[in-house]
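*Asks:* Line order of the protein sequences matches chains G and H.
Read in the numbering used here, the first sequence has 84 at position 84, and its numbers run on one by one without any break.
Read in the numbering used here, the second sequence has 410 at position 410, and its numbers run on one by one without any break.
Please keep in mind that the hints were generated in silico from the structure rather than gathered at the bench.
Just to be clear, a hint being listed does not mean it is correct.
Chain G is nowhere near these chain H residues, computed Cβ spacing over 10 Å in every case [unchecked claim]:
| # | residue |
| --- | --- |
| 1 | Gly-8 |
| 2 | Gly-171 |
| 3 | Lys-251 |
| 4 | Arg-317 |
| 5 | Leu-318 |
| 6 | Ile-320 |
| 7 | Gly-321 |
| 8 | Gln-326 |
| 9 | Val-344 |
Dumping the calculated BS3-like pairs for lysine-lysine here, alpha-carbon to alpha-carbon at most 27 Å [as the list claims (entries may be wrong)]:
| # | chain 1 | residue 1 | chain 2 | residue 2 |
| --- | --- | --- | --- | --- |
| 10 | H | Lys-165 | G | Lys-117 |
| 11 | G | Lys-187 | G | Lys-126 |
| 12 | H | Lys-3 | G | Lys-80 |
| 13 | G | Lys-10 | G | Lys-187 |
| 14 | G | Lys-117 | H | Lys-3 |
| 15 | H | Lys-7 | G | Lys-64 |
| 16 | H | Lys-324 | G | Lys-139 |
| 17 | G | Lys-139 | G | Lys-80 |
| 18 | H | Lys-139 | G | Lys-126 |
| 19 | H | Lys-3 | G | Lys-64 |
| 20 | G | Lys-117 | H | Lys-7 |
| 21 | H | Lys-165 | G | Lys-139 |
| 22 | H | Lys-197 | H | Lys-80 |
| 23 | H | Lys-251 | G | Lys-80 |
| 24 | H | Lys-139 | H | Lys-115 |
| 25 | H | Lys-7 | H | Lys-64 |
| 26 | H | Lys-251 | H | Lys-3 |
| 27 | G | Lys-80 | H | Lys-7 |
| 28 | H | Lys-7 | H | Lys-324 |
| 29 | H | Lys-251 | H | Lys-85 |
| 30 | G | Lys-187 | G | Lys-64 |
| 31 | G | Lys-8 | H | Lys-80 |
| 32 | H | Lys-415 | G | Lys-80 |
| 33 | G | Lys-126 | H | Lys-165 |
| 34 | G | Lys-187 | G | Lys-229 |
| 35 | G | Lys-8 | G | Lys-126 |
All residues carry an ideal CB built from backbone N, CA and C; glycine is no exception.
Residues per chain are reported as follows:
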Amino acid sequence: MEQNIVIKIKNLTKRFPVGGDYFTALQDVDLTLNEGEFTGLVGPSGSGKTTLLNIIGGLDSPSKGQVSVLAQALNDTTHKERAQLRRENMGFIFQSYNLLPVYTVFENVELPLILNKIDSQERRQKVAQAIEWVGLSDKTNSRPAMLSGGECQRTAIARAIVHQPALVLADEPTANLDAENSHHIMKIMVQLNQELSTSFVFATHDEKIMAYLRRIIHLNDGQITKDEKIDNPKSAA
Amino acid sequence: MIKFLTKGILRDRSRSLFPVLVVMLAVAMIIFFQGFMNGTLNGMFLDSAVVSTGHVKIMTRAYKEESQLLPNDLALLETKQLVDKVSQDYPNHFWTPRITFGGLLDVPDENGETKAQGPVFALGIDFFSSGSRQIEIWKLERRLVGGRLPENGSEALLSASLARKLGLSLGETVTLIGSTMYNAFTTYNFTVVGTFKLNLGPLDRQMMLVDISGARLALDMEGAASSVLGYANSLFYDDTVAVALRQQYNKINSDTTDIFSPIMVALRDSNQMGVMVDWMNAASGIIVGVFLVIAMIVLWNMGLMNGLRRYGEIGMRLAIGESKGQVYRSMIMESVIIGFIGTVFGTAMGLGLTYYMQEVGLDYSAAMESLGSSEFIFSNVFYAQVTPELYYIGFMPGVLATVLGTMLAGRAIYKREMAQLFKELET
Ligand SMILES: Nc1ncnc2c1ncn2[C@@H]1O[C@H](COP(=O)(O)OP(=O)(O)OP(=O)(O)O)[C@@H](O)[C@H]1O
Ligand SMILES: [Mg+2]
Numbered sequence: 001m002e003q004n005i006v007i008k009i010k011n012l013t014k015r016f017p018v019g020g021d022y023f024t025a026l027q028d029v030d031l032t033l034n035e036g037e038f039t040g041l042v043g044p045s046g047s048g049k050t051t052l053l054n055i056i057g058g059l060d061s062p063s064k065g066q067v068s069v070l071a072q073a074l075n076d077t078t079h080k081e082r083a084q085l086r087r088e089n090m091g092f093i094f095q096s097y098n099l100l101p102v103y104t105v106f107e108n109v110e111l112p113l114i115l116n117k118i119d120s121q122e123r124r125q126k127v128a129q130a131i132e133w134v135g136l137s138d139k140t141n142s143r144p145a146m147l148s149g150g151e152c153q154r155t156a157i158a159r160a161i162v163h164q165p166a167l168v169l170a171d172e173p174t175a176n177l178d179a180e181n182s183h184h185i186m187k188i189m190v191q192l193n194q195e196l197s198t199s200f201v202f203a204t205h206d207e208k209i210m211a212y213l214r215r216i217i218h219l220n221d222g223q224i225t226k227d228e229k230i231d232n233p234k235s236a237a
Numbered sequence: 001m002i003k004f005l006t007k008g009i010l011r012d013r014s015r016s017l018f019p020v021l022v023v024m025l026a027v028a029m030i031i032f033f034q035g036f037m038n039g040t041l042n043g044m045f046l047d048s049a050v051v052s053t054g055h056v057k058i059m060t061r062a063y064k065e066e067s068q069l070l071p072n073d074l075a076l077l078e079t080k081q082l083v084d085k086v087s088q089d090y091p092n093h094f095w096t097p098r099i100t101f102g103g104l105l106d107v108p109d110e111n112g113e114t115k116a117q118g119p120v121f122a123l124g125i126d127f128f129s130s131g132s133r134q135i136e137i138w139k140l141e142r143r144l145v146g147g148r149l150p151e152n153g154s155e156a157l158l159s160a161s162l163a164r165k166l167g168l169s170l171g172e173t174v175t176l177i178g179s180t181m182y183n184a185f186t187t188y189n190f191t192v193v194g195t196f197k198l199n200l201g202p203l204d205r206q207m208m209l210v211d212i213s214g215a216r217l218a219l220d221m222e223g224a225a226s227s228v229l230g231y232a233n234s235l236f237y238d239d240t241v242a243v244a245l246r247q248q249y250n251k252i253n254s255d256t257t258d259i260f261s262p263i264m265v266a267l268r269d270s271n272q273m274g275v276m277v278d279w280m281n282a283a284s285g286i287i288v289g290v291f292l293v294i295a296m297i298v299l300w301n302m303g304l305m306n307g308l309r310r311y312g313e314i315g316m317r318l319a320i321g322e323s324k325g326q327v328y329r330s331m332i333m334e335s336v337i338i339g340f341i342g343t344v345f346g347t348a349m350g351l352g353l354t355y356y357m358q359e360v361g362l363d364y365s366a367a368m369e370s371l372g373s374s375e376f377i378f379s380n381v382f383y384a385q386v387t388p389e390l391y392y393i394g395f396m397p398g399v400l401a402t403v404l405g406t407m408l409a410g411r412a413i414y415k416r417e418m419a420q421l422f423k424e425l426e427t
């Protein structure tokens, strides 16, 4: 089966300067992800999950090694090009939602489309659809302050997928949610993965997420210790 | 995107209303303070200029030597030509002749017998020429406490205290007893049509104001004047300008060998005024400077804080694909707009306050009285003064400092790894 490669990482090392010394957060990481994967980076706190996710998203740069995302070698791109890559082809979901408090659900979801210079009619249609996907149609005009945690995270998901990116990066998306809400949003993402063949990469140590993953990459002290395929996850069709 | 950002700014009061208010207040205070210093200083000079020197003053060299004696026998002649010439040569100033004279005022009863008598210090000023602006400079409309302004040369205004001392009421006639410029004895009748209060301490106790035409008739001084006074068109005393003007004029027109040649003096040349001018200029410069620096620090900090507060938003915007430059520029734009709006409103408010103080003033005569009389010719009322620099001085702290603060905060966008920006707000 011929599959497009979404992420290809070779020999990645990331060091942070700490005092006069260096702290190695990622060491010799090799990783290939194909289109449509539903993958998790799993490991204890401090194992480098967020760091790896940020590097994939071009928010942080490698100290050593090659990272290529959606056929672009990030080492050879400028800030602007990486911004464009994120704008057009990636979606981010954060543990703390990072919604803009002064905007409504609709406007928060609309922002990526504005950045992509989509005209307002098409924008309205796409935003409405994304909000429907996450089941928030009745909260379209609410501000984040009036939403529950689950609703906030669903808004953030809508914002991450409204422009139908090829890749969604989610860092502990369920950390602030209860079990019911966690399952709810995971189901939404599974559905998006299947209907739009969007690739998802999670960073998590939440068992509830792991149950949905089709591939789990174990990180420990900045190194990949295990890369397992799950045969019968909850997300199986 | 601009629309989107504008919507956000308008909705988030801590980003719009509050900073605008802070900028506005700081700017208004700076402007009012500066205006108040201007006005108070200038009011002092102007009031003293009115009664003695003008911003600059021309007289004969001989008159200058004995000016305390009011030696009108040494007066300037053909002052019309002189005024025309200096008006042409120095169009930034306007010029007006004046006769300063002393004498005795005699109040006759219905039989012509003396009812009351007293010394008088009189000024013949140009009430009626359109360009003379004397009524404005003397602020006579405000200082008139009874009656009206003179309408011809034989009508006079008396200070309220002199009128009271002589037991005069409006409409009565007084006789001036004095000497002409040829040192001949003279009497001349004036009708008292109004009384005034200068609020200038002891100065107006014996003062009479008449039109210069009346003074010329009374003293046989046709075409002559004790001095010709010059005022900056803005009525704002600028010491540097006055001194330069005096230098220039004297070099061309004053002849050291001719005691009747004209000589110009500046306000600072009289009595202790020079020291006063220097001292007050320095003091006001320092005070306003300190104030400006404080306001700049406050606004700088506000810009900085507003930027720092939004690292989370910035991180998110970078994550969804805005470039660093875009985010940085939009932050700066926002602070420019806020700084600008705040400055415009603050300037309006500051100018409004200053104008109000310029028109109404702050009367501290009661306070002055308790201090006893002053050597100087003080105005008993503080006034503010609107000067051109008030229109732009606010932009320094209002826009510049606000924007600089934001720029400093925004530099973090470039300096830090983007991923760091999240962490600052995840907590
Ligand atoms: N900017 C930085 N400077 C220095 N050290 C850093 C920096 N960012 C991360 N680290 C370190 O790198 C290691 C990996 O961090 P990372 O955030 O990737 O862990 P994580 O696996 O996401 O942990 P968690 O599950 O707690 O989120 C940690 O030990 C962390 O202290
Ligand atoms: Mg993490």
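*Asks:* None of the hints should be skipped; say for each whether it holds.
*Replies:* Status of each hint after checking the structure:
Distance check for Gly-8/H against chain G: the nearest CB is about 5 Å away, which does not clear 10 Å, and the non-interface claim fails. Non-interface status of Gly-171/H relative to chain G is upheld: no Cβ of that chain comes within 10 Å, the nearest being about 72 Å off. Annotated as non-interface, Lys-251/H keeps its C-beta farther than 10 Å from every C-beta of chain G; the closest such distance is 66 Å. Residue-level check failed: Arg-317/H sits 8 Å from the nearest beta carbon of chain G, not beyond 10 Å.
The beta carbon of Leu-318/H sits about 7 Å from the closest Cβ of chain G, which is not more than 10 Å, so the claim that it is off the interface is violated. Distance check on Ile-320/H: its Cβ comes as close as 5 Å (rounded) to a Cβ of chain G, failing to clear the 10 Å threshold; non-interface status is violated. Non-interface status of Gly-321/H relative to chain G is broken: a Cβ of that chain comes within 10 Å, the nearest being about 2 Å off. Listed as outside the interface, Gln-326/H is inconsistent with that label: its C-beta sits roughly 8 Å from the nearest C-beta of chain G, within the 10 Å cut-off.
No beta-carbon of chain G is positioned within 10 Å of the beta-carbon of Val-344/H; the least distance is around 24 Å. For the proposed pair Lys-165/H and Lys-117/G, the alpha carbon gap of about 85 Å is over 27 Å, so the pair is violated. As the CA atoms of Lys-187/G and Lys-126/G are separated by approximately 20 Å, the hinted pair is consistent with the 27 Å bound. Proposed proximity of Lys-3/H and Lys-80/G is supported: the alpha carbons are some 22 Å apart, at most 27 Å.
For a cut-off of 27 Å, the pair hint linking Lys-10/G to Lys-187/G is broken: about 32 Å separates their Cα positions. Proximity of Lys-117/G to Lys-3/H is assessed by CA-CA distance (about 13 Å); at most 27 Å being required, the pair is judged to hold. Distance check on the hinted pair: Lys-7/H and Lys-64/G sit about 43 Å apart at the alpha-carbon level, beyond 27 Å; violated. For the given pair, Lys-324/H sits about 32 Å from Lys-139/G by alpha-carbon distance, which is inconsistent with the 27 Å threshold.
This hinted pair does not check out: Lys-139/G and Lys-80/G have alpha carbons roughly 34 Å apart, beyond 27 Å. Taking the CA atoms of Lys-139/H and Lys-126/G, the gap is about 71 Å. The hint is violated against a cut of 27 Å. As the CA atoms of Lys-3/H and Lys-64/G are separated by approximately 41 Å, the hinted pair breaks the 27 Å bound. Between Lys-117/G and Lys-7/H, the direct Cα distance comes to roughly 17 Å. Compliance with the 27 Å bound is thereby established for this hinted pair.
Taking the CA atoms of Lys-165/H and Lys-139/G, the gap is near 85 Å; set against the 27 Å cutoff, the hint is violated. For the given pair, Lys-197/H sits about 30 Å from Lys-80/H by alpha-carbon distance, which is inconsistent with the 27 Å threshold. The hinted pair formed by Lys-251/H and Lys-80/G fails the criterion: a straight-line CA distance of about 68 Å is larger than 27 Å. Taking the CA atoms of Lys-139/H and Lys-115/H, the gap is about 32 Å. The hint is violated against a cut of 27 Å.
Restraint check: the Cα-Cα separation between Lys-7/H and Lys-64/H comes to about 70 Å, which exceeds 27 Å; the hinted pair is violated. Only pairs whose Cα atoms come within 27 Å are accepted, and Lys-251/H paired with Lys-3/H is rejected, the gap being roughly 64 Å. A threshold of 27 Å between alpha carbons decides the hint, and for Lys-80/G with Lys-7/H the separation of about 26 Å falls inside it, so the pair holds. Note on Lys-7/H and Lys-324/H: the hinted pairing holds, with a Cα-Cα distance of about 21 Å set against a maximum of 27 Å.
Our distance criterion of 27 Å between C-alpha atoms is met by Lys-251/H and Lys-85/H, whose separation comes to about 16 Å. A threshold of 27 Å between alpha carbons decides the hint, and for Lys-187/G with Lys-64/G the separation of about 36 Å lies outside it, so the pair is violated. About 96 Å separates the Cα atoms of Lys-8/G and Lys-80/H, which puts this hinted pair outside 27 Å; it is violated. As the CA atoms of Lys-415/H and Lys-80/G are separated by approximately 16 Å, the hinted pair is consistent with the 27 Å bound.
Distance hint between Lys-126/G and Lys-165/H is unfulfilled; the C-alpha atoms sit about 91 Å from each other, more than 27 Å. Proposed proximity of Lys-187/G and Lys-229/G is supported: the alpha carbons are some 19 Å apart, at most 27 Å. Pair hint Lys-8/G plus Lys-126/G does not hold up; C-alpha atoms about 30 Å apart against a cutoff of 27 Å.
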